[in-house]
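K.L.:
According to the working numbering, the sequence shown is numbered sequentially starting from 2.
Honestly, the hints are just simulated from the structure, not real lab data.
Cβ coordinates follow ideal geometry from the N, Cα and C atoms, glycine included.
Worth double-checking, as some hints may not be accurate.
[Stated by the list, open to error] If you anchor each label on the Cβ, the simulated ranges turn out as follows: (1) M7 with G62: 30 to 38 angstroms; (2) A30 with G62: 26 to 34 angstroms; (3) K4 with N60: 13 to 21 angstroms; (4) K38 with Q58: 26 to 34 angstroms.
[As the list claims (entries may be wrong)] Calculated lysine-lysine pairs in the PhoX-like style (CA-CA distance at most 20 angstroms, straight line): (5) K51 with K27; (6) K27 with K67; (7) K38 with K27; (8) K51 with K38; (9) K39 with K4; (10) K27 with K39; (11) K51 with K39.
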Amino acid sequence: MKKDMMALLSLIDESTHSIEIQSDPKLSAIFTNFNQKKDYQLQKALIDLKSEINIYQLNNGYRTPKFLTRIVLDISSVTSANESFGMTAFFSNLWFGK
C-alpha cells in the first residue's frame with residue numbers, strides 16, 4: 002500500500018519534469034498546483050490532480066501523453082485502497098463497539 006503510494010508519487014515527480022509537461026503551460030500549471038498542495042493535503046491533491054488530468058484529456062480529445070492515463074489509473078488504485086481501509090476500520094469499530 003505505502004509502496005504503491007511511493008511509486009505513484011515518484012511517477013508524478015518524474016512526469017512533472019518531463020518535456021511534455023514543461024512544454025505545455027496548462028499541464029505545467031496542473032502539476033505545479035499539485036506540488037503546492039501535496040504537502041498539506043495529499044489525498045485531496047491526488048483527487049484534484051486526477052480530475053484536472055481527466056478534464057485536460059477530455060478537452061484535448063485524449064491526444065495526450067500516455068503517462069497521464071497511467072497517473073490517473075494509479076491515483077484511482079491508491080485512493081480506492083485507502084478508502085477501503087478506512088471503511089474497514091470504521092465498520093470494525095462498529096462491530097466490536099470501540
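K.L.:
Below or equal to 20 angstroms on CA atoms is what counts here, so check K51 against K27.
P.N.:
The given pair, whose Cα atoms are some 14 angstroms apart, holds under the 20 angstroms limit.
K.L.:
Is the hinted range of 30 to 38 angstroms satisfied by the C-beta distance from M7 to G62?
P.N.:
holds (33 angstroms)
K.L.:
Quick one, are K39 and K4 close enough, alpha carbons at most 20 angstroms?
P.N.:
holds (17 angstroms)
K.L.:
Taken at face value, is the distance from the CA of K39 to the CA of K51 at most 20 angstroms?
P.N.:
holds (13 angstroms)
K.L.:
Within 26 to 34 angstroms: is that where the Cβ-Cβ distance between K38 and Q58 falls?
P.N.:
With Cβ atoms ~20 angstroms apart, the hint is violated.
K.L.:
Does the Cβ pair A30, G62 satisfy 26 to 34 angstroms?
P.N.:
Check failed, 20 angstroms falls outside 26 to 34 angstroms.
K.L.:
State, for the Cβ atoms of K4 and N60, whether the hinted interval 13 to 21 angstroms holds or is violated.
P.N.:
Violated, at about 33 angstroms.
K.L.:
Between the alpha carbons of K27 and K67, is the straight-line distance 20 angstroms or under?
P.N.:
It holds: about 16 angstroms lies between the C-alpha atoms, which stays within 20 angstroms.
K.L.:
Within 20 angstroms, alpha carbon to alpha carbon, are K38 and K27?
P.N.:
Holds, at about 17 angstroms.
K.L.:
Mind checking the alpha carbons of K51 and K38 for me, to see if they're no more than 20 angstroms apart?
P.N.:
Roughly 13 angstroms separates the two Cα atoms, so the pair holds.
K.L.:
Hint check: K27 vs K39, CA-CA at most 20 angstroms. Holds or violated?
P.N.:
holds (19 angstroms)
Going through the hint list in order, the structure does not satisfy hints 2, 3 and 4.
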